[in-house]
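Each chain is listed here by its residues.
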Amino acid sequence: MIDKKKVRSLLQIAGSIIGLILIMIQIKNGILGFKENQVGFLNVRYLFFSLLFATIALFFQILGWNKIFSFIGINLPLRKVLFGYTFTFLPRYIPGTIWGYLTRSEWLLKIYDIPYKTSIFVSFMEMIIIFITNLVLGSFIFYYSTKNLLLLLIPIILPFFTFILIKYLSTRPIGNKYVINNYLRLNFSSWSIIFFIFIISWIFYGIGLIFSISSFSIVEKIDLNFVLLVTSINSFSWIIGFIVFFIPAGIGIRETILNYLLINLLFLPVNLSSSIAITNRIITLFAELILLICSYFLKPNNPNLNGFLKSNN
Amino acid sequence: MKNIYRILSTLFLLFTLSNCTSKIDNNQNVENNSSPHDSIALSSDIFGAVKGTIQTEEPTDRIGLILYLGEVITDSNGMFGGFLNPETAPVAIYDSTSGEFAFSNVQPGEYSLIIHEVVLGGQALMDENGSVVIILVEQGLITDLGIISFTGF
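So the sequence lines, in the order shown, correspond to chains A and B. Counting in the working numbering, the first sequence runs from 79 upward without gaps. Counting in the working numbering, the second sequence runs from 3 upward without gaps.
By construction, these hints were calculated from the structure, which means they are not laboratory data. Cβ atoms here follow ideal geometry from the backbone N, Cα and C, with glycine treated the same way. Incorrect hints may appear among the rest.
Stated by the list, open to error - Taking CB as the label site, the calculated pair distances span:
| id | chain 1 | residue 1 | chain 2 | residue 2 | range |
| --- | --- | --- | --- | --- | --- |
| 1 | A | L236 | B | N87 | 30 to 38 Å |
| 2 | B | E140 | A | I360 | 55 to 63 Å |
| 3 | B | G123 | A | I371 | 36 to 44 Å |
All chains, please: the whole structure from these sequences, using the hints.
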């Protein structure tokens, strides 16, 4: 008999070690690049823009999550949930915490009296949409690698296929059992709105990555093709980090994939690619921090929320 | 409302700060006051080195270039071509202001010079006949390519 708890904790330990080793390799490569003068000086102005776009991207992600709630009939004021979302998502950086979704469900129950079933369903929907939107953008990688025009059909077909699949699943007994179809009031137009918000979010993340690359003084001018390629590189590396769920927040694995794609699709030097991957991770972390601080000032003084914060400290 | 003003003013301050600090940046990947040619170092006699200077019509055309030493391949017509594997190819230290570049500690052998720009792509240095210029790297020697006129992609 397999002890699931034991397997899970082993996976958590293994994931944390693997992630740590991978990120250390990238940091080592990045430092080597600076040491050997292969990596130039950082352009602070572009770093600022990278941070700005990553912050806006995160805001759109929260907006999309909020929209899922509103489409199933629960209206949460954006100003109020902005802080809670960013704050409760932080534990995903702690080894062993899967995605931070559980902390968020706890917060929603305490503050808004939203049952676990509902919040988990919304988190599930969010995960699917994040996955699909990234897959849509990331699938351009296959086109850029092979130049096969037929592969451009993937990003067109995928959203429709997912919507039909969700609709089909909601009519199955398994859907009834988990009250999925009670909440599934998502019609095609609401699905499209959420999908569109998340696509914008990932495009902004991609633009953030372009500015991270530009901050190393290697990009003089950009075109639409380049924006699409870098956005798909970012999305593809994000997806791999998401799939390897036992590594906290995909740390290490995401940078490794990003590094690999920057080398092989943009033909960047190894050390420079590592520096870009690490810079992009730091930018994303700072974006979360900025949104956390901004939303803290924006949040209304809610005694329940303050109680939740204290109980979590 | 007061909070929004506070956040906006913080962002404005950050932006202003980033503009001030960016003045210390430059578009070169060598330390100030040191030329890539001066930085050539051979850690052992078994290696060689390559140096040269890229010249363009406009000085701004030199910004953002990455220089590699690619492999040399031969096609069925006996023409030489360049092949770039960025994971293994030597990368130059390059100063976009002067156009000077240098490859240190290169394994002896035949190479092609590949000039790469991240958006526009890469191009191997060609001769008048459309064949790739072969760069010979020898043990303990610095190969000087002189001034290379680069007309763009």
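Right, here's what the structure says about each hint:
1. L236/A to N87/B: 30 to 38 Å: For L236/A and N87/B the Cβ distance comes to about 33 Å; the hint holds.
2. E140/B to I360/A: 55 to 63 Å: 42 Å, violated
3. G123/B to I371/A: 36 to 44 Å: 41 Å, holds
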